[in-house]
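**Q** Below are the chains, spelled out letter by letter.
Protein chains: 2
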Amino acid sequence: MMRAGMGALIASALLLGGSAGIAAQRQGAQASPIYGVRLPKGYRDWALISVAREKGRNNDIRAILGNAIAVKAFREGRRPFPDGAIIVRLAWRYEPSARNDAVFPTPQSFVAGAPINVQVSVKDTKRYADSGGWGYGQFEGGLPNPDRALVESCFACHNKLAAIEPGADLVFTDYSP
Amino acid sequence: MMRAGMGALIASALLLGGSAGIAAQRQGAQASPIYGVRLPKGYRDWALISVAREKGRNNDIRAILGNAIAVKAFREGRRPFPDGAIIVRLAWRYEPSARNDAVFPTPQSFVAGAPINVQVSVKDTKRYADSGGWGYGQFEGGLPNPDRALVESCFACHNKLAAIEPGADLVFTDYSP
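Chains A and B supply the protein sequences, listed in that same order.
So in the working numbering, spot 47 of the first sequence is number 47, and the numbers just go up one at a time.
So in the working numbering, spot 25 of the second sequence is number 1025, and the numbers just go up one at a time.
Quick caveat, the hints were computed from the structure, so don't treat them as lab data.
A couple of the hints might just be wrong.
Said to hold, decoys possible - Straight-line alpha carbon distances no greater than 25 Å define the calculated SDA-like cross-link-like pairs of lysine to any residue that follow:
hint : chain 1 : residue 1 : chain 2 : residue 2
1    : A       : Lys55     : B       : Gly1056
2    : A       : Lys72     : B       : Leu1039
3    : B       : Lys1055   : A       : Asn100
4    : A       : Lys72     : B       : Gly1042
5    : B       : Lys1055   : A       : Asp101
6    : A       : Lys160    : B       : Pro1107
So here's chain A without its partners, still in its complex pose (with noise of 0.2 Å):
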């Protein structure tokens, strides 16, 4: 399980190898394109702040972690962000588990498949002060994906929010107890 994980993650790696993770590499980007934005430290371990599942296109299953001022803005209902917090989102494939339903007394179990990507947003008003206080990057088998209408494409959806939810501070996710 452990190694068929680390097989999906190597493998992405290698795929990402042969376009725009090696340039990326070669040309010494960590940081997303636009805004700078690294993929954390230690963000595997920080805590979670909820989980999600977007079908469609996308179809994943997905986790949202926070750092520390992150989480406890979250906890205590905190909105503007403070600067400093960050949020890291993670998404996997999302597949039926035949080994589990065998268990189970219907088809029912969906678990995570290979990692399809982590999104990580950064509060800081000052240094993202034209994308509403947030930078964005997109991470693919550990390397900044360099595309920038990708990453334009951060702020233009979760700017979208402001008009719907104008309290949100362009964050989709709530927090979980």
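Since the structure of chain A is already known, use the hints to place chain B on it.
**A** Relative to chain A, chain B alone:
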């Protein structure tokens, strides 16, 4: 948001209050029947092992967290788990998000709703020698469910995994990188 989440938690606690919850509290029972498993302090800050979803009657979305011993074993692919490993599974109602879908191109967003319950597995090969080395408990609104039959069903179900994947040490979840 936070307020809604807390409201749901309080509502769950109040609902429980009418039946088993208060009874358990009155008896001072903070631990599960049979195994005496308690809700571990600080578990909500533990690292994420993976996420999953159960369709059917459960209709939930879930996160699996682990203490440091469990997470280390998961990451190293170590089985059986060492004594002291604790795995905590949190489940929430699986709900479409009309708010998020208003932003996305098609209805596709599902999020965690009200909390359902928290299940705890504790590895202790001596104490729990009769149940494959694992002790179990289920908690609602922070209180242990006192139903012996329900808690007996934990091992009955996990033990079915032994025939399908003997090396899994009765654990359904794999680590998601």
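**Q** Are the hints correct? Go through all of them and say.
**A** Status of the hints after comparison with the structure:
1. Pair hint Lys55/A plus Gly1056/B holds up; C-alpha atoms about 17 Å apart against a cutoff of 25 Å.
2. For the suggested pair Lys72/A and Leu1039/B, the alpha carbons sit about 21 Å apart, so the restraint of at most 25 Å is met.
3. Between Lys1055/B and Asn100/A, the direct Cα distance comes to roughly 12 Å. Compliance with the 25 Å bound is thereby established for this hinted pair.
4. Under the criterion of a C-alpha separation no larger than 25 Å, the hint pairing Lys72/A with Gly1042/B is consistent with the structure, at around 14 Å.
5. A threshold of 25 Å between alpha carbons decides the hint, and for Lys1055/B with Asp101/A the separation of about 11 Å falls inside it, so the pair holds.
6. Only pairs whose Cα atoms come within 25 Å are accepted, and Lys160/A paired with Pro1107/B is accepted, the gap being roughly 15 Å.
Every hint from the earlier list agrees with this structure, and none is contradicted.
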